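Colleague: Order-wise, the sequence lines are chains F and U.
If you count the first sequence from 1, you need to add 25 to reach the working numbering.
If you count the second sequence from 1, you need to add 25 to reach the working numbering.
Hints listed in this document are in silico derivations from the structure and should not be mistaken for laboratory results.
None of these values were measured; they are calculated from a predicted model.
Do not rely on the hints blindly, as some may be mistaken.
A pair counts as met if it fits within one copy or between any two copies, since identical chains are not told apart.
Unchecked claim - Distance condition first, Cα-Cα at most 27 Å in a straight line; then the derived DSS-like pairs of lysine-lysine:
#1 Lys564 / Lys597
#2 Lys347 / Lys156
#3 Lys597 / Lys565
#4 Lys347 / Lys319
#5 Lys351 / Lys156
#6 Lys156 / Lys358
#7 Lys551 / Lys520
#8 Lys355 / Lys156
#9 Lys564 / Lys635
#10 Lys358 / Lys295
#11 Lys156 / Lys378
#12 Lys35 / Lys62
#13 Lys520 / Lys564
#14 Lys600 / Lys520
Residue-level listing of the chains:
Number of protein chains: 2
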Amino acid sequence: MEHELLGTIKLASDIKKLNNDQLRRLCAELRDEIIDKVSETGGHLASNLGAVELTVALHYVFDSPNEPIIWDVGHQCYAHKILTGRNIAGIRTENGLSGFPKSAESEHDLFVAGHASTSISAALGIAEAKKINGDENSVIAVVGDGACSGGMIYEALNNAGRSGTNLVVVLNDNEMSISPNVGAMAKYLAKIRSKEGYFRFKDNIEHTLLKIPAIGKGIFAVLRSIKTFFKDMFYSSNTFEHFGFTYLGPADGHDIEMLIRTLRRAQSIKRPVLVHINTIKGKGYAPAEEKPSKFHGVAPFYKENGQLKKESEYSFSSAFGKTLCKLAEKDDKICAITAAMTDGTGLREFSEKYPSRFFDVGIAEEHAMTFAAGLAAGGMKPVFAVYSTFLQRAYDQVLHDASIEPKHVVIGIDRAGIVGGDGETHQGTFDVPILTSIPGITVYSPSDYNELEKDFEKAFSAEGVQAIRYPRGKEKIVPENFVKNYGDFDYFENKIDCLIVTYGRLFSEAVFASEETGASVLKIGKIFPVEHELIEIAKKYNFVFFFEESVEFGSIAEHFGSMLFESGFEGKYIKRCVSGFVSHMDAEKALKLHGLDRESMINAVKEALK
Amino acid sequence: MEHELLGTIKLASDIKKLNNDQLRRLCAELRDEIIDKVSETGGHLASNLGAVELTVALHYVFDSPNEPIIWDVGHQCYAHKILTGRNIAGIRTENGLSGFPKSAESEHDLFVAGHASTSISAALGIAEAKKINGDENSVIAVVGDGACSGGMIYEALNNAGRSGTNLVVVLNDNEMSISPNVGAMAKYLAKIRSKEGYFRFKDNIEHTLLKIPAIGKGIFAVLRSIKTFFKDMFYSSNTFEHFGFTYLGPADGHDIEMLIRTLRRAQSIKRPVLVHINTIKGKGYAPAEEKPSKFHGVAPFYKENGQLKKESEYSFSSAFGKTLCKLAEKDDKICAITAAMTDGTGLREFSEKYPSRFFDVGIAEEHAMTFAAGLAAGGMKPVFAVYSTFLQRAYDQVLHDASIEPKHVVIGIDRAGIVGGDGETHQGTFDVPILTSIPGITVYSPSDYNELEKDFEKAFSAEGVQAIRYPRGKEKIVPENFVKNYGDFDYFENKIDCLIVTYGRLFSEAVFASEETGASVLKIGKIFPVEHELIEIAKKYNFVFFFEESVEFGSIAEHFGSMLFESGFEGKYIKRCVSGFVSHMDAEKALKLHGLDRESMINAVKEALK
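Could you build the full structure based on these sequences and the hints that come with them?
Modeller: Below, the structure written as C-alpha cells:
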C-alpha cells in the first residue's frame with residue numbers, strides 16, 4: 026500500500042487539514058504501517074490496530090501536546106507515535122523507539138505508561154494543574170476495559186468525577202485484557218456496550234417521563250408518584266455517572282466521523298466526561314481479529330498469514346506451569362492465582378485441568394496477593410504467579426496481609442531480572458530489595474527447570490511467604506562437569522583465589538567465566554535469607570565477586586557483602602548489579618551493558634587479579 | 026453501670042441464648058466498658074461505639090470462628106474482642122491487647138487488619154477455600170464507607186460478586202473516614218443511605234411494572250416498550266448489584282432486631298450479599314457523637330466530659346504543616362495531597378488557607394502518588410503527605426509513575442520509624458529499603474523542626490522524587506554544645522576512636538551517648554544517596570556504629586556499611602536496626618528493646634572498646 030497521506034503528516038496538527046475520506050485513508054495507511062513494522066520486530070499488535078481511528082480522531086479534535094493524551098498501559102500508542110513524527114521501524118529494539126509512551130521521545134508523550142490503570146490518576150493531576158493555572162484545555166486519558174479491573178481506576182474516578190476539570194476519559198472497550206476479563210465490571214461493560222444508542226434513548230425517556238400526566242389513580246398514580254424517583258435512578262444508573270462523569274456512548278470506535286463528533290462534544294462540555302467506545306481488537310488484520318490474544322504481544326511474524334517466524338519455545342514459564350500441574354495432581358490444596366496473565370505465566374494448562382482451583386482476578390495484583398493470603402488462611406496452598414514488575418504493586422499486601430501474621434503463600438515471580446524489549450517499565454530488577462525488606466520471607470532463584478521444580482516442592486512444604494524468582498525465556502546451557510546437587514547452594518571449587526557468587530541464569534555465565542579464569546563458583550539457590558554457611562565459604566577467598574540481576578541497594582549482593590565484612594572478611598569484595606532503569610533492548614545486550622555476561626565476568630576477574 | 030450480662034458472656038456463642046431485651050442491655054454494657062477502658066489508654070473510640078449493635082448481631086447470627094468475621098482496618102473490633110473473651114483494659118499498651126485484630130490473641134481473629142480496604146479480598150479467599158472444601162458456612166467482611174475510597178475494595182468486589190461463595194459483606198456506613206470523605210462514592214452512598222426502605226420500595230415498583238397493561242398508544246405505549254429496559258436498569262441501578270451482589274439495606278445499624286433479621290436473610294441467601302447498614306459514629310457517648318473526628322483515634326480522656334487528659338502538643342506533623350503554609354505563601358505552585366489524613370499529617374491549616382491547592386483523595390495512596398506525579402507533569406510542585414506505613418501501598422507508583430521519568434514530587438513521610446501503640450501494622454520501618462531501591466530518589470530525615478523546614482526548602486528547589494521522613498511526636502532535646510549547621514550532615518568530633526552514625530530523632534540519643542562515652546557523632550540529614558564524604562569521615566575511625574529506625578535489609582546502615590567496607594575500611598562496623606515486626610508498646614520502650622536508646626548506645630560503645 027502506498028503511504029501517500031502518511032508521508033505528508035509531519036506534525037500531529039497536519040491531520041486537522043484532512044477531510045473524512047482522507048482520514049479514512051490515513052487510518053488504512055497507519056494500519057498497514059503498523060502491521061508491516063510489528064511483523065518485523067514483534068510488539069503489541071491487536072490493541073494498536075484497534076485504536077487507529079481513535080488515535081486519528083483524538084489528534085483531529087484535540088490539540089496535543091497542549092491537550093495531552095495519556096495512554097493507559099501504552100499498548101495502543103503506535104499510531105500516536107507515527108502521527109507525532111516518529112518512525113516505528115525497529116520499535117522495541119536497542120536503536121528503535123520504546124514500545125511504550127516515553128517523554129524523552131516526544132513532547133506528545135507527557136507521561137510514561139507500562140503498568141495498567143494509572144492514566145486517569147496522571148491525567149487528573151495534569152487537569153488539576155491546568156485548572157489552577159486557568160488553562161481551559163482538555164486532558165485526555167485513554168483506558169482499556171482490561172485496566173478497569175485495577176483498583177487505581179476507581180480511586181481516580183472517585184476523585185475525578187466531581188473535580189470540575191476538563192478531563193476526558195476515553196474508555197476503549199475492546200473486550201480485551203491480556204487474558205479474557207472475568208470480573209463483574211467486564212460483564213457490566215458488555216451490558217451497556219450492547220445498548221446501542223443508549224444516551225439517545227435516554228433523552229427520549231426523560232422527555233416522555235416529564236410528560237406523564239397527573240392521572241391520579243390506579244397504576245398511573247403509582248407511576249406518577251415514582252416519576253422523580255425513576256428519573257433519579259435512571260440518571261444514576263450508569264456506574265460512571267455515579268462517579269460524577271457525563272457519560273457519552275457507546276460509540277463505534279471504528280467510525281471516524283462518529284468518533285470526531287463524540288469527542289468534540291466531550292471537549293465542549295468543560296467538565297469530566299467519559300466517552301465509551303467499542304473497538305475490535307486486531308481490526309483490519311484477519312489473523313489478529315481471529316486470534317486477538319495471540320496478537321496482543323507478538324513475536325515477529327509473517328505478514329501474509331500471521332504465522333510466527335519462530336514458534337515459542339519451552340521456557341521457565343512453561344516449566345512453572347508443568348511443575349504446578351504435577352504438584353497439584355498430588356496435592357488438592359494447591360491453587361493458582363494470576364492477575365490477567367494466564368498464558369504469560371504458563372498457567373493455561375493448570376487453568377484447564379483445575380478450574381475450581383484457578384483464579385484469574387483481572388489486573389489486580391493488590392487484591393490477588395491478599396486473596397492468596399485469604400486462601401491460605403482458609404487452609405489452601407495458593408501460588409500467586411506474577412511478573413516481577415507487577416509484584417511491585419502488591420508490596421504492602423505481601424507485607425501487611427501475608428507476613429505480619431505469616432500465611433503460607435507461594436509467589437511465582439516470572440520475568441525476574443532483565444526482560445528485554447519492554448524496557449524500563451517492565452524490568453524485574455526490584456523484587457529482591459522489596460521482598461528481602463520484609464521479615465520472614467524466603468526467596469529462591471533457580472538456574473534451570475529442574476531446580477525450579479525442586480524449589481516449588483520446597484516452597485509448598487515450607488511455611489510463611491515463599492518466593493521463587495525466575496527469568497523470562499529459556500534455561501541456559503551449563504557444561505556437564507558442573508553437576509548441581511539441587512540443595513540450597515552449589516559450590517564448585519577451582520584453582521585460583523577468587524570466588525564468583527551468583528544465582529539464577531547468571532550461573533551459566535559464571536561457569537564459563539570459571540572455566541576461562543580458574544575462579545571458583547558459588548551458586549546460591551535459596552538466595553534469602555543468606556545462610557552463614559555461604560559466608561564461611563566466601564571467607565576462604567581473598568577475591569569475591571557477586572553478580573546479580575537486581576538493582577544494587579537492597580540486593581542479595583549487598584546483604585551478602587554486609588554479612589561477609591561483618592564476619593571479619595578482609596579481602597576484596599566486588600558486587601556487580603543492574604544500575605538504574607534499563608531501557609529497551611535485547612536481554613543479552615542489556616546483561617552485557619551491565620557487566621553481567623561471561624566476558625564481563627572474565628574481565629572483572631582478570632582485572633582484579635592483575 | 027453494672028456489667029451483669031457482660032460477666033456471663035464467656036464464649037461468643039453465649040450471646041445466642043439472650044433475648045432481645047438482654048441483647049439491648051448487653052450493647053449498653055459493651056458501650057460502657059469501651060468508654061471506660063479507652064478513656065484510660067486511648068484508642069479508637071467513635072468507630073467502636075458505632076459498631077456495638079452490629080458486633081452483637083453478627084455473633085448472634087453467625088457462628089464465629091467457623092463463620093469468621095474479617096474486620097476491615099480493625100478500627101471497630103473492640104466489642105468483638107470483649108465478646109470473644111478478651112479484656113480490653115490496657116489495650117494498645119505493652120501488656121494489653123492489640124488495638125487491631127490479631128490471630129495470636131484469639132481464634133476469632135482470623136486475619137490481621139490495620140491498613141484499609143483489604144477485608145473483602147481476604148474474606149473472599151477464605152470463602153473460596155470453604156467452597157472448594159464443600160463448607161457452606163458464611164464468611165463475613167465488615168467494611169466502613171471510608172475504606173470504599175480504596176481501590177482494593179473494587180478489585181475484590183469485581184471478583185467476589187459472581188464467585189458463588191457464601192460471602193457476606195457488611196458495609197458499615199457511618200459517613201466516617203479519618204477525614205470526611207470527599208469522593209464520588211461517599212456522595213453516592215449518602216444518596217442510597219437516604220432512601221430508607223429502598224429494597225422494600227423496589228419490590229413494590231417491580232410488582233407495579235409487571236402489571237402495566239399493554240394499552241398500546243400514546244405515552245403508555247412508550248412506557249410499555251421501555252418496561253423491560255426500565256426494570257433492567259432498575260435492577261442494575263445499584264453499584265453493588267452491578268458487581269453481582271445481592272443488596273440488602275439500608276438498615277438501621279443500631280436496631281438490634283432489624284440487624285439480626287437482615288443478617289439472617291443474608292446468611293440464608295447462599296451467595297454473595299452486601300448488607301448496607303447506617304450507624305452513628307460515637308453512638309451513645311455524647312462527646313464522641315458531637316466530635317466524631319476527635320474521638321476517632323483518641324488519647325486518654327476524662328470520661329465525664331470527653332476532655333483530653335493531656336492536650337495534643339506541637340509535633341513534627343505540626344512543623345510540617347506550618348512549614349508548608351510558609352513555603353506555599355511564597356510559591357503558588359506548591360500543592361498538598363493527603364490520603365484521608367488531613368489532621369494526622371498536619372495539613373488542616375494548609376487545607377483551609379489554600380483550598381484550591383489541597384487534595385484529599387480518600388484512602389487511596391496509589392492514586393495519590395500518581396496524581397501527584399500528574400500535578401508535577403502539569404507544572405505544579407506537589408507534596409504527598411503520608412504515613413510511612415501507608416506509603417507501602419504506593420511503591421510501584423513512586424517507581425513507575427514518578428521515577429522512571431523523574432517527576433518533581435515531594436513525599437512528606439510522617440510516622441517514620443517506630444510509632445508506638447498501633448503496633449505491627451503501623452510501623453514506619455520499611456520506607457527506607459523500598460525508597461532507596463528506586464534509582465534517583467533523594468531521602469532526608471530531619472532531627473528537629475528547624476531541620477525539617479530546611480529539608481523541605483531543599484526538596485522543593487531540587488528535582489525528581491524527594492522524600493523527607495520524620496517521626497511521630499515531638500523533637501527531642503539536644504545539649505547546646507551540639508549546634509547543627511543544617512547542611513546535609515553534621516559531624517561532632519570527640520575524644521575516642523569511635524564514631525556513632527545516625528539520623529533523625531536518634532541524634533538526641535547519640536549525643537547523650539557521646540557525652541557519656543567520648544564517641545564522635547556523625548549526624549546525617551540527607552540520608553540517601555550516601556555521600557562519599559561521609560565514608561571518608563567514618564574511615565578515620567576503627568569503631569563505627571550505625572543506629573537506625575529501619576529494618577536492616579535495605580537500610581541506610583547497610584548501604585553505608587557496604588560503601589565503607591568497599592572503600593577499604595578495616596575497622597569494626599556495627600549496625601543496629603529494627604529487627605522484625607514491632608508489636609504495640611510505647612515508642613520509647615520499643616526503641617530500648619531494639620537497642621536504639623541512649624543506654625543501649627552507651628553500652629554498645631563501651632562493650633566494643635573493652
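Colleague: At most 27 Å between CA atoms: does that hold for Lys551 and Lys520 within a copy, between copies, both, or neither?
Modeller: within (25 Å within a copy, 45 Å between copies)
Colleague: Checking Lys564 and Lys597: alpha-carbon separation at most 27 Å within a copy, between copies, both or neither?
Modeller: both (10 Å within a copy, 16 Å between copies)
Colleague: Check Lys564 against Lys635 for me: Cα-Cα at most 27 Å, and say if that holds within a copy, between copies, both or neither.
Modeller: both (20 Å within a copy, 26 Å between copies)
Colleague: From the Cα coordinates, with 27 Å as the cut-off, is the pair Lys355 and Lys156 best called within, between, both, or neither?
Modeller: Only across copies: Lys355 and Lys156 sit 20 Å apart there, 60 Å inside one copy, limit 27 Å.
Colleague: Taking 27 Å as the upper bound on the Cα-Cα distance, should Lys358 and Lys295 be classified as within, between, both, or neither?
Modeller: Between copies only: 23 Å across, 54 Å inside.
Colleague: How would you label the pair Lys156, Lys378 (within, between, both, or neither) given a Cα cut-off of 27 Å?
Modeller: Between copies only: 18 Å across chains, 53 Å inside a chain, cut-off 27 Å.
Colleague: At 27 Å max between alpha carbons, let me know whether Lys351 reaches Lys156 within a copy, between copies, both or neither.
Modeller: Intra 57 Å, inter 23 Å, cutoff 27 Å: inter-copy only.
Colleague: When no copy is specified for Lys600 and Lys520, does a C-alpha distance of 27 Å or less occur within a copy, between copies, both, or neither?
Modeller: within (21 Å within a copy, 35 Å between copies)
Colleague: For Lys35 and Lys62, with the copy left unspecified, which applies at a CA distance of at most 27 Å: within, between, both, or neither?
Modeller: within (19 Å within a copy, 73 Å between copies)
Colleague: Could you place Lys520 and Lys564 in one of the four classes (within, between, both, neither) given a Cα distance threshold of 27 Å?
Modeller: within (16 Å within a copy, 34 Å between copies)
Colleague: Could you figure out if Lys597 and Lys565 sit no more than 27 Å apart (CA to CA) within one copy, between two copies, both or neither?
Modeller: both (12 Å within a copy, 19 Å between copies)
Colleague: Have a look at Lys347 and Lys156 and pick one of within, between, both or neither, based on CA distance no larger than 27 Å.
Modeller: between (54 Å within a copy, 26 Å between copies)
Hint compliance for this structure: no hint is broken.
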